[in-house]
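Novice: Top line first, the protein sequences correspond to chains S and A. Going by the working numbering, the first sequence opens with residue 26, and the numbers climb by one from there. Going by the working numbering, the second sequence opens with residue 98, and the numbers climb by one from there.
It is worth saying that the hints were derived from the structure and are not from the lab. Beta carbons are placed, not taken as given, at the ideal position from N, Cα and C, and that holds for glycine. Treat the hints with caution; some may be incorrect.
[To be verified] Partial pick of chain A residues on the chain S-facing surface, computed with a CB cut under 8 Å:
| no. | residue |
| --- | --- |
| 1 | Phe121 |
| 2 | Ala147 |
| 3 | Leu149 |
| 4 | His191 |
| 5 | Ser193 |
| 6 | Ala252 |
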Amino acid sequence: MSSLTDPNSLLTPIWLTLKLATCSTVLLLLIGTPAAWWLARSRARWKEAIAAVVALPLVLPPTVLGFYLLIALGPSGPGGWLAGLAGARTLAFSFFGIVIGSVIYSLPFVVQPIRNSFESFGDRPLEVAATLGATPWDAFWSVAVPLARPGFITGAVLGFAHTVGEFGVVLMIGGNIPGETKVLSIAVYELVETLRWTEAHLLAGGMLAFSFAVILSMMVLQKRTGSGGA
Amino acid sequence: MPNQDSIEAAFRGQLGAFRLDVEFAAPLRGITALFGPSGCGKTTILRCLAGLRRVPGRLSVSGQTWQDDASDIFLRPHQRSLGYVFQEPSLFQHLSVRDNLRYGWLRSSRAGAHPVVDFSEVVELMGLASLLDRSPSALSGGERQRVALARALLARPRLLLMDEPLAGLDQVAKEEILPYIETLHEKLAVPVLYVSHDLREVARLADSMIVLSAGRKVCEGSVQEILERLDLDPGDGEFEAGVILEARVSGHDAEFRMTRLDHHGQRIVIPGIDLAVGEYVRLRIRARDVALAVAKPSAISVRNILAGTVLDTAQDPDTAFAEVLVDVGGGKLRARITRDALQDLGLEAGSSVYALIKSISFDRPVIGRVAHDS
Numbered sequence: 026m027s028s029l030t031d032p033n034s035l036l037t038p039i040w041l042t043l044k045l046a047t048c049s050t051v052l053l054l055l056i057g058t059p060a061a062w063w064l065a066r067s068r069a070r071w072k073e074a075i076a077a078v079v080a081l082p083l084v085l086p087p088t089v090l091g092f093y094l095l096i097a098l099g100p101s102g103p104g105g106w107l108a109g110l111a112g113a114r115t116l117a118f119s120f121f122g123i124v125i126g127s128v129i130y131s132l133p134f135v136v137q138p139i140r141n142s143f144e145s146f147g148d149r150p151l152e153v154a155a156t157l158g159a160t161p162w163d164a165f166w167s168v169a170v171p172l173a174r175p176g177f178i179t180g181a182v183l184g185f186a187h188t189v190g191e192f193g194v195v196l197m198i199g200g201n202i203p204g205e206t207k208v209l210s211i212a213v214y215e216l217v218e219t220l221r222w223t224e225a226h227l228l229a230g231g232m233l234a235f236s237f238a239v240i241l242s243m244m245v246l247q248k249r250t251g252s253g254g255a
Numbered sequence: 098m099p100n101q102d103s104i105e106a107a108f109r110g111q112l113g114a115f116r117l118d119v120e121f122a123a124p125l126r127g128i129t130a131l132f133g134p135s136g137c138g139k140t141t142i143l144r145c146l147a148g149l150r151r152v153p154g155r156l157s158v159s160g161q162t163w164q165d166d167a168s169d170i171f172l173r174p175h176q177r178s179l180g181y182v183f184q185e186p187s188l189f190q191h192l193s194v195r196d197n198l199r200y201g202w203l204r205s206s207r208a209g210a211h212p213v214v215d216f217s218e219v220v221e222l223m224g225l226a227s228l229l230d231r232s233p234s235a236l237s238g239g240e241r242q243r244v245a246l247a248r249a250l251l252a253r254p255r256l257l258l259m260d261e262p263l264a265g266l267d268q269v270a271k272e273e274i275l276p277y278i279e280t281l282h283e284k285l286a287v288p289v290l291y292v293s294h295d296l297r298e299v300a301r302l303a304d305s306m307i308v309l310s311a312g313r314k315v316c317e318g319s320v321q322e323i324l325e326r327l328d329l330d331p332g333d334g335e336f337e338a339g340v341i342l343e344a345r346v347s348g349h350d351a352e353f354r355m356t357r358l359d360h361h362g363q364r365i366v367i368p369g370i371d372l373a374v375g376e377y378v379r380l381r382i383r384a385r386d387v388a389l390a391v392a393k394p395s396a397i398s399v400r401n402i403l404a405g406t407v408l409d410t411a412q413d414p415d416t417a418f419a420e421v422l423v424d425v426g427g428g429k430l431r432a433r434i435t436r437d438a439l440q441d442l443g444l445e446a447g448s449s450v451y452a453l454i455k456s457i458s459f460d461r462p463v464i465g466r467v468a469h470d471s
């Protein structure tokens, strides 16, 4: 499978994109679930301020977000300090850097649907679980997560798809390094810039088909879990 | 030394505009009703007992402290051995009926719970065997509440809390569930605290009751005792005055579909019920269904004529009405008559009277079966 790492192959950016989206989705669920739980359950007055921060990437231009991330990940930011631990100078322009960027950029798409799901069933099922002897941790896994399944499916699919479709942030913090940061959307951009229309068509068409398939399957899944549940 | 066989509770706190200030001790046996009009704090008290809500106070159940703010003890709901049946059935939608039932069952087995409850026995008792593989969404309202009840029982609680479990159901579904609740504490010996604002339900099910109003306790005692008391103002109309009599089935009349009952030697006839001779029933007799006569009437359609003695009378000078408490040789009856009639008959404590009760006033919801252990 040398073609997956061959800088000139069309498969390289596809493989890299899938790898990025998978890593990001796993991290998004790990971070997004407790965040969504807290936002759904907490009675803190400032929780909406946190919710607004999480939602910021929805409105910020990707270049603005990318700019700040570039500073944060660069040699003089916390990212540089982190990179120093691993013997590198910066997290910018690396695969790890664009994973961090993607996670921040896609967070609202994952947190919002999961939070909505957690809020939709209210306190009652958790109270019932408690009176039946379930600890809060037990009740979270045995009741809250299964009841919020539609939200998790939507969140995971949106997070994955949104990462696949990301362009601006990756361009700002990742640049265009084949096999490291040159993801599919950037590859298309570069192909068009260099007038390699045939290959651009191939990648763009594949992207179109993929996006359609994702949205369609999500709608079908949503419908099925929706009618099977409540 | 806290009592081993009772719940001792005291809660005192401000909840928004509402002030809760109650203290009571309820026996840990049979069904105890928390009775009062809507908004009197019944549900809040039940949630405090479960630990779902924290109001300053203390609570001990059979000698075990569940809450004591003086020494900063507060057990979380899952640390308390209790079952809770909510007003709405609240089944887990993502689990089958069987898995709903097993939820508390598994967790209480892990905790090594004390009372022995047999899974299949409860399923049998609650008539759920044919529903086990269904999803909660495929059940009727009554079936769901039965599952919720069984689920709570299967958690092997020391105390079962029920928050108006019949309130959301129609009459048919209520009638379907009531017998299950009636047999439940008799067969499984789980003490129940039952919140209700429906006096008919309380009269039919409960052994003792605590009457609440505006976050305070008005009185507590056995259901019989409390319903006999004249000073309990009917007031808001939700509280329809009446008493409870217990009577033994002494025979059936198949032709006229009547059942004969014996109450300390006096005969009471009611529309036919399906209970064997020798079993005990509990009758709720509303004060307004009782008429009084000083001489024994004859040639009258009223079937029940009970000889008795007036114990007490009370007149309400602002209205046309008076209430009379009559001892009928065992139980007591309350009669609601006009002040005019009271005057006319010259009734006072000690007068001999005949209490007349039409048989048709014993409609189904006011009759309950009783387990008699005496």
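Novice: Could you check if Leu149 of chain A really has its C-beta closer than 8 Å to a C-beta on chain S?
Specialist: With a closest approach of 5 Å, the Leu149 of chain A hint holds.
Novice: Quick check on the hint: His191 of chain A CB to chain S CB, less than 8 Å?
Specialist: At 4 Å from the nearest chain S Cβ, His191 of chain A passes the 8 Å test, so the hint holds.
Novice: Let me know if the C-beta of Ser193 of chain A comes in closer than 8 Å to any C-beta of chain S, holds or violated.
Specialist: violated (12 Å)
Novice: Tell me if Ala147 of chain A is really an interface residue toward chain S, meaning its C-beta lies closer than 8 Å to one of theirs.
Specialist: holds (6 Å)
Novice: Would you settle whether the hint for Phe121 of chain A is holds or violated, based on the nearest Cβ-Cβ distance to chain S being less than 8 Å?
Specialist: Where the cut-off is 8 Å and the nearest Cβ of chain S is about 21 Å from Phe121 of chain A, the hint is violated.
Novice: When the nearest CB of chain S is found for Ala252 of chain A, is that gap smaller than 8 Å?
Specialist: holds (5 Å)
Against the hints set out earlier in the document, violations occur for numbers 1, 5.
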